Structures are given as structure tokens and as C-alpha cells.
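Q: Turn these sequences into a full structure, and let the hints guide you.
Each protein sequence line maps, in turn, to chains Y and X. Heads up: the first sequence begins at -13 in the working numbering, then just goes up one per residue. Heads up: the second sequence begins at 1433 in the working numbering, then just goes up one per residue.
Calculated directly from the structure, the hints in this document are not laboratory data. Since the model is a prediction, treat every value here as computed from it, not as a measurement. Treat each hint with caution, since some may be false.
Stated by the list, open to error - Interface residues of chain Y toward chain X, partial, derived using beta-carbon atoms under 10 Å:
id: 1; residue: Gly20
id: 2; residue: Arg29
id: 3; residue: Leu34
id: 4; residue: Ala68
Stated by the list, open to error - Quick list of simulated restraints, FRET-style, between CB atoms:
id: 5; chain 1: Y; residue 1: Ala64; chain 2: X; residue 2: Ser1473; range: 27 to 35 Å
id: 6; chain 1: Y; residue 1: Ala64; chain 2: X; residue 2: Asp1475; range: 35 to 43 Å
id: 7; chain 1: X; residue 1: Asp1475; chain 2: Y; residue 2: Ala87; range: 29 to 37 Å
id: 8; chain 1: X; residue 1: Asp1475; chain 2: Y; residue 2: Glu48; range: 26 to 34 Å
C-beta atoms are modelled at their ideal positions from N, C-alpha and C, and glycine is treated no differently.
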Amino acid sequence: MSTDPSGGGPALRFDLDRPWRVHDRVAVRPEPFGALLYHFGTRRLSFLKNATVLAVVRSLAEHPTARSACVAAGVPPAALPAYERALATLAESQMITERAAS
Amino acid sequence: MTQQAVIEATPAQPTLTGDEPADRPSDEALVADELLVEEVSIDGMCGVY
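A: Here it is as C-alpha cells:
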């Protein structure tokens, strides 16, 4: 499934059913509100606003798809679109990157 | 004297006022939908480097 660009948000392409990982040049720092990501290449910061999205991002590399990372982190089906959009935002800013399927 | 730049590692949050109802189920969906990720760039900030 890909993000629908007609939904009013940014026109992002993100495939929940592909394997993803945190970019090599991104540092993840847990914070009380979730986490802070810093990309040493783009010098951008991203705030993850809760512990669940942090768990998803941190576990991306351990799962065959982003969808399975979401499910393992306890994301309910109804919330998957929101997490898909969040991951699409992170992909757009190169905080996460698609990896080769294993 | 050394000056240090400090970045407050706290994202912007909406201010709650006393006249808002306590339970607004739609708010939860709105928060989940829009506030999972917030992005900023530190390019151009003085004193960061």
C-alpha cells in the first residue's frame, strides 16, 4: 500500500510493505516525549512524538516490512494510515531509507 | 567566557485552555494523525556549530 497523495497531506510515496531502516547518518536520541532524530547529512531534526513510533522506527531494520514493524510495536490497524504517513515523512526527509529485501 | 548554544529538545505542543472539553475523542485521532512526526531544520541557526 502506498500513501495516497490526494489525502490532503504532502505527496509522498511510501510503501509499508517494503523493508526499511534508519539511515546510517541518523542518530536517534530517546526523549520523554518520544525521540529526537538528527541527520548528520541534511542537518535536519525530526521529533517522534510518542514511544510507539519510536519503537517502530528503531525496529524497522529487524522486520521484513514496515507494516510488520508497526504490528510488532502494537500499532492498531486503525492507526496504520497515520503511522504510514509518519514513516513517509521520515522517508521524505531521509531519516529512514529503503533497504534491500533479505 | 564560553558561550554555548542550547537547543531545547522539546517539540512544539498545543496550549490547552481551561474552556476546552476534557474528553474529545476526535482529538485523539487528530493527534495520532498529524503529530507523530514533527520536523525542523537547524540550518541558519546561530551558535549551533
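Q: What hint numbers does the structure not satisfy?
A: none
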